[in-house]
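Trainee: Take a look at the letters that make up each chain.
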Amino acid sequence: MDRVPAAARKRALAVLVLTALAMMSAWELYVRTLDSNETTLKAAEVAADRMRKPAEGNARRVFVFGSSRAFRGISPTTVREQLGDVWDVRQIAVPMGNGPAQLHAGMDWFKAGDVAVVECTPLVAYTGLRLDAQSELEQRLQGAGAGRLEKELISVLRQHLAFSRGLYSPGEQLRKLARDTLNPGTPAAVEELPIKPTIIHPDGWQEYTGEFDPSLAIGPLEYLKKTAPADATQAFNGVLWRLRGDVRLLESRGVLVVFLRLPSEGAHAAAEEMLFPRARYWNRLQGEFPGRCWHFADFEATRDLATYDYTHLSSRSALAYSRWLGARLRGFTEEHSP
Amino acid sequence: MLFTSPVFVLFFLVVLLLSRLPLNWGIRKGMLLLASYVFYASWNPPFVLLLIGSTLVDYFVALRMGRSENQRARKVLLVVSICVNLGVLAAFKYANFLSQSFADFTGMVGWEVSYTTWNIVLPLGISFYTFQTMSYTIDVYRGKLQPTRNLADFALYVTFFPQLVAGPIVRASEFLWQLNEPRRGTPQQVYWGVLLFILGLFKKAFLADAVFAPVADQVYASGATPTALQAWVGTYAFAGQIYCDFSGYSDMAIACALMLGFRLPDNFRGPYGAIGFSDFWRRWHISLSSWLRDYLYIPLGGNRKGRIRTRLNLFITMLLGGLWHGAAWTFVAWGALHGIYLGAERVARRFVPERIARSRFVKALLILLTFHLVCFGWILFRAETFLDAGSLISTMTGLQSATGLELFSRWNMALVLAGVGGLIAVHSLWRERRIEDLSARAGWLVTGAVAAVMLFLALTAGDRGAEFIYFQF
Chain A
1 MDRVPAAARK
11 RALAVLVLTA
21 LAMMSAWELY
31 VRTLDSNETT
41 LKAAEVAADR
51 MRKPAEGNAR
61 RVFVFGSSRA
71 FRGISPTTVR
81 EQLGDVWDVR
91 QIAVPMGNGP
101 AQLHAGMDWF
111 KAGDVAVVEC
121 TPLVAYTGLR
131 LDAQSELEQR
141 LQGAGAGRLE
151 KELISVLRQH
161 LAFSRGLYSP
171 GEQLRKLARD
181 TLNPGTPAAV
191 EELPIKPTII
201 HPDGWQEYTG
211 EFDPSLAIGP
221 LEYLKKTAPA
231 DATQAFNGVL
241 WRLRGDVRLL
251 ESRGVLVVFL
261 RLPSEGAHAA
271 AEEMLFPRAR
281 YWNRLQGEFP
291 GRCWHFADFE
301 ATRDLATYDY
311 THLSSRSALA
321 YSRWLGARLR
331 GFTEEHSP
Chain B
1 MLFTSPVFVL
11 FFLVVLLLSR
21 LPLNWGIRKG
31 MLLLASYVFY
41 ASWNPPFVLL
51 LIGSTLVDYF
61 VALRMGRSEN
71 QRARKVLLVV
81 SICVNLGVLA
91 AFKYANFLSQ
101 SFADFTGMVG
111 WEVSYTTWNI
121 VLPLGISFYT
131 FQTMSYTIDV
141 YRGKLQPTRN
151 LADFALYVTF
161 FPQLVAGPIV
171 RASEFLWQLN
181 EPRRGTPQQV
191 YWGVLLFILG
201 LFKKAFLADA
211 VFAPVADQVY
221 ASGATPTALQ
231 AWVGTYAFAG
241 QIYCDFSGYS
251 DMAIACALML
261 GFRLPDNFRG
271 PYGAIGFSDF
281 WRRWHISLSS
291 WLRDYLYIPL
301 GGNRKGRIRT
311 RLNLFITMLL
321 GGLWHGAAWT
331 FVAWGALHGI
341 YLGAERVARR
351 FVPERIARSR
361 FVKALLILLT
371 FHLVCFGWIL
381 FRAETFLDAG
391 SLISTMTGLQ
401 SATGLELFSR
411 WNMALVLAGV
421 GGLIAVHSLW
431 RERRIEDLSA
441 RAGWLVTGAV
451 AAVMLFLALT
461 AGDRGAEFIY
471 FQF
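Quick mapping for you: the protein sequence lines, in order, are chains A and B. Those letters in the first sequence? Residues 1 to 338, by the numbering used here. Those letters in the second sequence? Residues 1 to 473, by the numbering used here.
These aren't lab readings, by the way, just hints derived from the structure by calculation. Ideal Cβ placement from N, Cα and C applies to all residues, glycine included. One or more hints might be untrue.
Each pair of labels, with its calculated beta carbon distance range [to be verified]:
hint, chain 1, residue 1, chain 2, residue 2, range
1, B, PHE60, A, GLY291, 58 to 68 Å
2, B, GLU384, A, PRO202, 30 to 40 Å
3, A, ASP85, B, GLY30, 49 to 59 Å
4, B, LEU429, A, GLY266, 55 to 65 Å
Facing chain A, from chain B, some residues (calculated, C-beta under 7 Å) [unchecked claim]:
hint, residue
5, TYR191
6, PRO214
7, THR225
8, TRP411
9, TRP444
10, THR447
11, GLY448
12, ALA449
13, ALA451
14, ALA452
15, LEU455
16, PHE456
17, THR460
Chain A on its own, in the form it takes in the complex (with noise of 0.2 Å):
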């Protein structure tokens, strides 16, 4: 170990921690000015402390994993409502989420007697694509584990410190800066488009409330054709592998798996068919879940549930779904009773 004069390093670490005090609150305030409500972190934060969350007493739980199908297409509140009132209906889904890698990232917070609900988007959920806010989910989930102490602490820190809520990063904002600078108004992903009129309940449903607009087809669409690979045989049977082995361990610990694809119409359907044929993806996907795999397509009840925008559900058909899949859950979950 070298020896560094008293002085030197007094003055070293002076300046350590004056420079790092002023970066630290230039960043606090420039965070502060930021709307953390419509970022994707925050709802992979929202989600995951939902799938962290202990049953209360003797409640079943319902997790809704997937992408924005779910969580606009699914009200956990009309779910529930056909279910009764022993369960608890969760909503996980997150912007562009993978359906089966939540589940997979999930696996540790289940316990006998829940019920995974996976909505398969298939240029997501067959190719194993996971954007931002599907990462930061699985980490969130597959974390470190922390203890009681460390989760008080941690949410003491984040009360009060808007940076310590990890929902920017320098880095990112960079990135942000760059982008923006370099092609104004172009989102970097499909789920940075904005979407309105929507009313965000407190059990996770995003209901549209606008009337149904074909513009806001064209971004989603564009994304799917550009982001699409060829063929996505082998890694959708990477996604099946996984799956096969996360069904089974779920189950022999109690737990229900049941597989959903949610409405899709006009070009965008067309193109999903074109690219991710029903034939080749999920009907290999029912080979190995019979039973289990709800496509809307067949059932009467869901086959012409009308979307807002060719892929999501709107106001009325999401409501009008729910209700089809609580009751389905319901005879489902009595048939497989634990």
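Let chain A serve as the given structure and place chain B on it in line with the hints.
Mentor: Chain B in isolation, oriented as in the chain A frame:
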């Protein structure tokens, strides 16, 4: 309790404060021992009993060995110690792997054997403290070390919390003597400890978790097939992640010990600036590679039994080194690959004149070659199955048709390339320099400012709560 968590910072501050109280050295050592057990129990309290059991076995075996003049009895005691240590390791870490491998093997020859998969929780740091206690009994057996009579000292050596769960693997000869005299971090040690801790935190929280991990995970853990370019960048990202994760942990461990007044051995010395593989292993996880050299390679005969035997010994040593990392054939293959690298390097050295290797250009080429071959090994290390590894290698080499996904943005790609390029440049340019030399040359202003920026980036990188990769070993 991760080194990067606020609870650890609180815990460490309390321990540091207690260690500076004007109390008897014995009491302060007792407090350090207690703190170490509390630290370990914060993960899984029952496993403290296993740690205590391992400590007691090796303490009494070594004591008995020290008292005995009978070589045969000493050997029996050594075998007892090794069997207990490796037995515990085998039971907790390798039981499922061994039974599954046995069933797979018998299945291949047409004999179907059913086996049960046990739900075994791997005690944190078991591979590290097992090797540490084994080195103690072996050194006592060899007569290189006198067994300590002080059980509390020995327990503190095994349990000392900065290095307990992920190394460095400290030899008793490097640590026990430090317990003989009262210790408190001197102002010099506290100063360097603070700087080293910030460096480790920066490597772990910013570089490993925020820059490299998101990209590496997309390529290795998402199940999706990337494009060839993204597969390469994902592999570079993992190379950066594993170095920053593990060396960041080591830096923080050494820093904590230093602030308490203890010296732990270096564990990394710019490995991505290595020229060749023997050089790489002198710079990567030094405490493990030197352990394997002293307690496995040399007893096997080292380089004393001819060329072929030397290469075989290298291969066996690296193979077992791979297995030490994890109970999977991919780790064994990774170790074997490094064994082959080391053997091939010895052959190559016979044909390449020394003067050619001295040119700067050739050195730079060799550094890049070594790095890429190391990266090739990391594919086996990170992939969950051989199938995954094979698929990724096919994608990278263009053997698989290019139908992959763009899994991450160009920004992330640029960040990873800059990060890995920076690591290679720093490691190559400062191959023989220590952080202390660099800080002394830079002066107090630059040292303080650079440390402040590192701290800022580490604290604002976002809380991902990711465990250290080497905790699983």
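Trainee: Next, verify each hint and record whether it holds.
Mentor: Evaluated hints:
1. Take PHE60/B and GLY291/A: their Cβ atoms lie about 60 Å apart, and the range 58 to 68 Å holds.
2. Evaluation of the 30 to 40 Å hint for GLU384/B and PRO202/A yields a pass: the beta carbon distance comes to about 39 Å.
3. Our hint of 49 to 59 Å for ASP85/A and GLY30/B holds, since their Cβ atoms are close to 55 Å apart.
4. In this structure the hint that LEU429/B and GLY266/A lie 55 to 65 Å apart at CB holds, the actual value being about 58 Å.
5. Annotation: TYR191/B was flagged as interfacial toward chain A, and the flag holds, the nearest CB pair being 5 Å apart, inside 7 Å.
6. Residue-level restraint check for PRO214/B holds (minimum Cβ-Cβ distance to chain A is 6 Å; threshold 7 Å).
7. Among the interface hints, the one on THR225/B holds; its C-beta lies about 5 Å from the nearest C-beta in chain A, closer than the 7 Å criterion.
8. Checking TRP411/B against chain A by beta carbon gives a least distance of about 5 Å; that is within 7 Å, so the hint holds.
9. The criterion of a C-beta within 7 Å of any C-beta in chain A is met by TRP444/B, whose closest approach is roughly 4 Å, and the hint holds.
10. Hint on THR447/B holds. Least Cβ distance to chain A is approximately 5 Å, under the 7 Å limit.
11. Contact between GLY448/B and chain A, as hinted, is supported at the beta carbon level, the nearest pair being about 3 Å apart and thus within 7 Å.
12. Of the supplied interface hints, the one on ALA449/B holds, with its beta-carbon coming within about 6 Å of a beta-carbon of chain A, less than 7 Å.
13. Satisfaction of the interface hint for ALA451/B is found here, the shortest Cβ-Cβ separation to chain A being roughly 5 Å, below the 7 Å cut-off.
14. Below 7 Å, beta-carbon pairs count as interface contacts, and ALA452/B has one with chain A at about 3 Å; its hint therefore holds.
15. Taken as an interface hint, LEU455/B checks out: its beta carbon lies about 5 Å from the nearest beta carbon of chain A, inside 7 Å.
16. Taking 7 Å as the C-beta contact cut-off toward chain A, the hint placing PHE456/B at the interface holds, the least distance being around 4 Å.
17. Look at THR460/B: its Cβ gets to within about 6 Å of chain A, closer than 7 Å, so that hint holds up.
Against the hints set out earlier in the document, no violation occurs for any number.
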